[in-house]
Amino acid sequence: MTDLELWFRFQQLQLAYTQAIDEDRLEDLPALFVENCEYSIVSRENVALGLPMPLFRCGNLDMLRDRIVSLRNANIFNPHYSRHVLSPVQAIDTSPGEARAATSFSLYQTTMAGLSSLFSVGCYDDTVVVGDGGRLRFRIKTVRVDTFSIPNLLSTPI
Amino acid sequence: MSGSRDDLAAVQALYAQYARHLDDNALQAWFELFADECEYRVVPRENVEQGLPLALIDCTNRRMLADRIVSLKEANFFNVHYSRHILSSITLLADAGSDIVSEADYTAFQTDQEGVTRIFSVGRYQASMRREDGRLKLTRMTVVADTYGIRTLLAIPI
Amino acid sequence: MDTKTHLVWPKADFSRIPFKAYVDPHVYALERERIFRGPVWSYLALEIELPAPNDFKVVEVGDLPVIVTRNAAGEISALLNRCAHRGTLLCRAERGNAPSHTCVYHQWRYDLDGRLLSIPFSRGINGKGGLPPDFDRDAIRLQRMRVAVYRGVIFGTFSDETEPLEAFLGSAVLGELDRLFHKPIRLLGYQRQRIAGNWKLYCDNARDPNHGGLLHMFHATFGLSRNSLKGGARLDPKGRHNISYSMIGKDDVAAKESGYASTQKVYQADFQLRDSAVLKYKPEYPDDVSLVVMSLFPNVVFQQIMNSLCTRQIRLRGAGEFELYWTYFGYADDSPEMLEHRLLQGNLVGPGGYVSMEDGEAVEIVHRAISIQPGAFAIVEIGGKGPILDSDTLVTEVPIRGFWSYYHEVMELDRSEDAS
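Residue numbers (my numbering), protein chains in the order written: chain S, 1 to 158; chain L, 1001 to 1158; chain V, 2001 to 2420.
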């Protein structure tokens, strides 16, 4: 796979991730990850201080599936639409069978009354596995949020 | 217009590094993206539209830009924050001589020490780039800021 | 009687709470003076956050910014973060290490007990300018709090009239602090959550054992804090502090079935997690208590939710907003497995927590709906009316009345129109 092709597929995977959230197709998220994946949301404050406490932590794909089912059936949270606006995937680093890249993101939430506000900005630090036919899936997705004072609550993935 | 895929990829990579270095507060690395002969200006959109020359930041050569970096480190005090830049896709324009000319939209966010993020500036990057020692570098970066009512102060480059 | 801050209390037992108390900006301004500068101990920080001499951290008491610092002798001091000259914010960093603090505006420098050390150009130049001859430097000192530390927990008060810390907290609270901080702790990290509501709505929420198993589906379904569980609420003698507690696995099954029969969605007997590690309790105290939510008047909640431990400091941002500042800790002797377990169990709490996210939403939807009619009242009768006593059931909201009875006292509110 050429560098350009890898970049293109990484970009498509990232957009598949954000669009699944934005279009309320959360159930499509697990297909983008490998089974033994890690998905975390961490604050830039704790990263800077070297402290381990995350905002959100799924140590495997089952925990991510649990989160999604919970949001659908259990949790009470403010209903909203999400909208991600991303920078292109950048700074790709490859190793055998894997690639790692950073993507800056902004995320808006819109209330059911149609009022949009900025919810979070930050950076994705992603490691993907290159599978059959060049298909990419996330093995580690770490969402580093600059906006570590969470407005109201953190329900849908960032 | 050269417009080759390699050119577009290289231009994209340079914009990505530009944003990334600012977001990581790596000002020295950001400075090194500029060619030996370069200009860096931040101009309010209202001045551009009225044909007025006054800029918010106006570095007409590399030494002035170097001075800005040093003064940020040593002399000026300013509100401590994290920045995050989100860029749109790049538009390639007709070359000016041997320089590749391009534009992109930007949003610059700032997050304060309490983790609250605000939009700091939105606008357009207008850049000229040239290959120097095999690497693409900036000969001109003009930041046309729609957000010319600067919130508090403009310290770190946009 | 000041009509702007006048509140009506139709019942002597505080079972009717005026919505005005939550939404009125004049009441908010009075709280700043009567409570946060008043005769109470406010939570500042944990000693472990200031390990070395000259370490400092800026926190908020209500909305008053305070520099908490360990001086060279190892003692903790707490200074109002405002220069005595023209009111500039003195310390502009969130945390750090410094033997003194210098104001960027005019370079006035203070020591860690708030005494003024130097003013540049104080004698002017060639007899012109500078300070007047009668300027009394020794009278200039940063406002500061008296500080008291218990089991590594730092409290402060602005008032000279405050009773000693141990009397203010009372034996039940001291016992719970002894339990939570029975061995050295280790800092795990911070979370911040901005909620668009009045801070006292959060105080109500934390003093409301009854909501735990009714709002929080995770609590009800997985039995972390079902209303039918063995548990209750202990108060201090003035009812101002509250310890809500429950014991996982100690359930009245018949009561559970009938109690939840009329509810919607909250108790889902068939709901299962694919990975239930997050629900596992690894007992680490000599009792069966698996959940403690301890609220201390005015500004902090201590949490033990199974193995997730933290303090939640309430920082005010006007009558309609506050920030919860969560400080998570474990124990210094935690194994790597226990550390990982605590981090995973963090999924239950905080702004993204399976349980805690819902409290943020509850506060906001109350605030939105009460703002439109400040003259109406909340009804607080679950668990009983009249005396404010300990409960040995979770089906109670009596601790909320305890909070308001003390609020009324410390705010020195007029009672001329109250019911007798």
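Please note: incorrect hints may appear among the correct ones.
[Said to hold, decoys possible] Partial list, computed: chain V residues near chain L (C-beta under 10 Å):
no., residue
1, Val2058
2, Arg2092
3, Arg2315
4, Glu2364
[What the hints assert, rightly or not] Derived SDA-like pairs: lysine to any residue, alpha-carbon spacing no greater than 20 Å straight-line:
no., chain 1, residue 1, chain 2, residue 2
5, L, Lys1137, L, Ile1119
6, V, Lys2280, S, Ser70
7, V, Lys2265, S, Val69
8, L, Lys1137, L, Val1080
[Unchecked claim] Derived coverage of chain S by chain V (criterion: at least 3 residues anywhere in the stretch with Cβ under 8 Å from a Cβ of chain V; other residues may be distant):
no., segment
9, 27 to 39
10, 146 to 156
Everything labelled a hint here was simulated from the structure, so no lab data went into it.
By construction, the Cβ of each residue, glycine as well, lies at the ideal position given by its N, Cα and C atoms.
Structure-based check of each hint:
With its C-beta approaching chain L no nearer than about 9 Å, Val2058 of chain V sits inside the 10 Å limit, and its interface hint holds. For Arg2092 of chain V, the interface hint holds, the least distance from its beta-carbon to any beta-carbon of chain L being 7 Å, beneath 10 Å. The beta carbon of Arg2315 of chain V is positioned within 10 Å of a beta carbon in chain L (closest approach about 9 Å), and the interface hint is therefore held. The interface hint given for Glu2364 of chain V is violated, since its Cβ lies 17 Å from the closest Cβ of chain L, which is over the 10 Å cut-off.
Of the supplied pair hints, the one linking Lys1137 of chain L and Ile1119 of chain L is violated, its CA atoms being roughly 28 Å apart against a limit of 20 Å. Pair hint Lys2280 of chain V plus Ser70 of chain S holds up; C-alpha atoms about 17 Å apart against a cutoff of 20 Å. Straight-line distance between C-alpha atoms of Lys2265 of chain V and Val69 of chain S comes to about 13 Å, which keeps the hinted pair within the 20 Å bound. With a C-alpha separation of about 29 Å, the suggested pair Lys1137 of chain L and Val1080 of chain L falls outside the 20 Å cut-off, and the hint is violated.
With 0 residues bearing a CB less than 8 Å from a CB of chain V, the segment 27 to 39 of chain S misses the requirement of three and the coverage assertion fails. With a cut-off of 8 Å between beta carbons, the segment 146 to 156 of chain S has 8 residues touching chain V; three or more are needed, and the interface restraint holds.
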